[in-house]
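Asker: For chain A, the structure is supplied; the task is to place chain B on it using the hints.
Keeping their order, the protein sequence lines are chains A and B. Mapping to the working numbering: the first sequence position 92 is 92, numbers consecutive. Each number in the working numbering comes from the position in the second sequence (counting from 1) with 1000 added on.
Honestly, I wouldn't trust all of these hints.
[Stated by the list, open to error] Label-pair ranges, simulated between beta-carbon atoms:
#: 1; chain 1: B; residue 1: Glu1060; chain 2: A; residue 2: Ser22; range: 32 to 38 Å
#: 2; chain 1: A; residue 1: Pro61; chain 2: B; residue 2: Gln1003; range: 18 to 24 Å
#: 3; chain 1: B; residue 1: Arg1012; chain 2: A; residue 2: Ser51; range: 43 to 49 Å
#: 4; chain 1: B; residue 1: Glu1001; chain 2: A; residue 2: Ser86; range: 24 to 30 Å
#: 5; chain 1: B; residue 1: Asp1039; chain 2: A; residue 2: Pro61; range: 26 to 32 Å
#: 6; chain 1: A; residue 1: Gln17; chain 2: B; residue 2: Gly1054; range: 48 to 54 Å
#: 7; chain 1: B; residue 1: Gly1016; chain 2: A; residue 2: Lys13; range: 42 to 48 Å
#: 8; chain 1: A; residue 1: Pro39; chain 2: B; residue 2: Glu1060; range: 25 to 31 Å
#: 9; chain 1: A; residue 1: Gln54; chain 2: B; residue 2: Gln1014; range: 45 to 51 Å
#: 10; chain 1: A; residue 1: Gln17; chain 2: B; residue 2: Glu1060; range: 43 to 49 Å
#: 11; chain 1: B; residue 1: Lys1057; chain 2: A; residue 2: Thr95; range: 16 to 22 Å
[Said to hold, decoys possible] With a straight-line cut-off of 25 Å between C-alpha atoms, the simulated DSS-like cross-links for lysine-lysine are:
#: 12; chain 1: B; residue 1: Lys1079; chain 2: B; residue 2: Lys1063
#: 13; chain 1: A; residue 1: Lys57; chain 2: B; residue 2: Lys1042
#: 14; chain 1: B; residue 1: Lys1069; chain 2: B; residue 2: Lys1042
#: 15; chain 1: B; residue 1: Lys1042; chain 2: A; residue 2: Lys13
#: 16; chain 1: B; residue 1: Lys1057; chain 2: B; residue 2: Lys1079
#: 17; chain 1: B; residue 1: Lys1068; chain 2: B; residue 2: Lys1042
[What the hints assert, rightly or not] Reference listing, derived: stretches of chain A covered by chain B, where coverage requires no fewer than 3 residues with Cβ under 8 Å from a Cβ of chain B:
#: 18; segment: 42-49
#: 19; segment: 100-107
These aren't lab readings, by the way, just hints derived from the structure by calculation. Ideal Cβ positions, reconstructed from N, Cα and C, are used throughout, including at glycine.
What follows is the residue order along each chain.
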Amino acid sequence: KAGVTQTPRYLIKTRGQQVTLSCSPISGHRSVSWYQQTPGQGLQFLFEYFSETQRNKGNFPGRFSGRQFSNSRSEMNVSTLELGDSALYLCASSTTGYGYTFGSGTRLTVV
Amino acid sequence: EDQVTQSPEALRLQEGESSSLNCSYTVSGLRGLFWYRQDPGKGPEFLFTLYSAGEEKEKERLKATLTKKESFLHITAPKPEDSATYLCAAADSETSGSRLTFGEGTQLTVNP
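If we strip away everything but chain A, and leave its shape as in the complex, we get (with noise of 0.2 Å):
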């Protein structure tokens, strides 16, 4: 059974540019989680989509959005990056939310 697979692996950015991340949960979750994990602040939640629709947010600016497809395929987007969205990017998914798969994440570095 495959994970839940995460793209690209790793990224450099510069500051001022945007990004877009990539989750692809478990065959048959429909629930997908992003999280931002950093050494300073631990693992921080961002948003969860559920079938296509934002069902949870977390304190993030407005910079950061995300969106799900049809297929539960699952995308989260940075714009104006700034040096304090250095970061691994986490992506969960799971079934009824009593079980949280994670993928190896995405290294995100603005320089």
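Answerer: Then chain B, alone, in the frame of chain A:
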């Protein structure tokens, strides 16, 4: 606001030296308490979910327990391959769907 606090921040053990990691939580109605293991450069790997006080779960050298205010991850006779960061997370009953509040983690090092 939900809060999860883990202690200690770092723990160094000798192989075979048992110990416990602590996770204290303040949430609006606990829906689930999760333990994950994370290796450097990788995503968190699911270990356990606990749902109610008094519940215990075991997997190899690990045992997780839950009370109304905290959870413990007991590591019995650890091996060097148990070295990792252990994360605790809580889901509250007031939020529908999937939203976990994570602790900062305990970085465990097991020396041979």
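Asker: Quick one: are A:Gln17 and B:Gly1054 within 48 to 54 Å, going by C-beta?
Answerer: Given range 48 to 54 Å: holds, Cβ gap about 51 Å.
Asker: Compare the distance between the alpha carbons of B:Lys1057 and B:Lys1079 with 25 Å, and conclude whether the hinted pair is satisfied.
Answerer: Given pair B:Lys1057, B:Lys1079 holds - Cα atoms ~20 Å apart, limit 25 Å.
Asker: Confirm or reject the claim that A:Pro61 and B:Gln1003 have a C-beta distance inside 18 to 24 Å.
Answerer: The hinted range 18 to 24 Å holds for A:Pro61 and B:Gln1003, with Cβ atoms some 22 Å apart.
Asker: Could you say whether the range 42 to 48 Å given as a hint is met by the Cβ separation of B:Gly1016 and A:Lys13?
Answerer: This hint holds: roughly 46 Å between Cβ atoms.
Asker: Residue count check for the segment 100-107 of chain A against chain B: does it reach three with CB-CB under 8 Å?
Answerer: holds (count 7)
Asker: Does the hinted range 16 to 22 Å hold for B:Lys1057 and A:Thr95 at CB?
Answerer: holds (19 Å)
Asker: So does B:Asp1039 sit 26 to 32 Å from A:Pro61, Cβ to Cβ?
Answerer: holds (30 Å)
Asker: Mind checking the hinted window 45 to 51 Å against the Cβ distance between A:Gln54 and B:Gln1014?
Answerer: Given a distance of about 48 Å, which is inside 45 to 51 Å, the answer is holds.
Asker: Would the hint linking B:Lys1079 and B:Lys1063 be met if the CA-CA limit is 25 Å?
Answerer: holds (15 Å)
Asker: Under the criterion that the straight-line Cα-Cα distance not exceed 25 Å, is the pair A:Lys57, B:Lys1042 satisfied?
Answerer: Holds. A:Lys57 to B:Lys1042 sits at ~24 Å (cutoff 25 Å).
Asker: Okay, the segment 42-49 of chain A and chain B, do three or more residues pass the C-beta test at under 8 Å?
Answerer: Check passed, 5 qualifying residues.
Asker: Under the criterion that the straight-line Cα-Cα distance not exceed 25 Å, is the pair B:Lys1068, B:Lys1042 satisfied?
Answerer: With Cα atoms ~31 Å apart, B:Lys1068 and B:Lys1042 exceed 25 Å; violated.
Of the numbered hints listed earlier, those contradicted by the structure are 14, 17.
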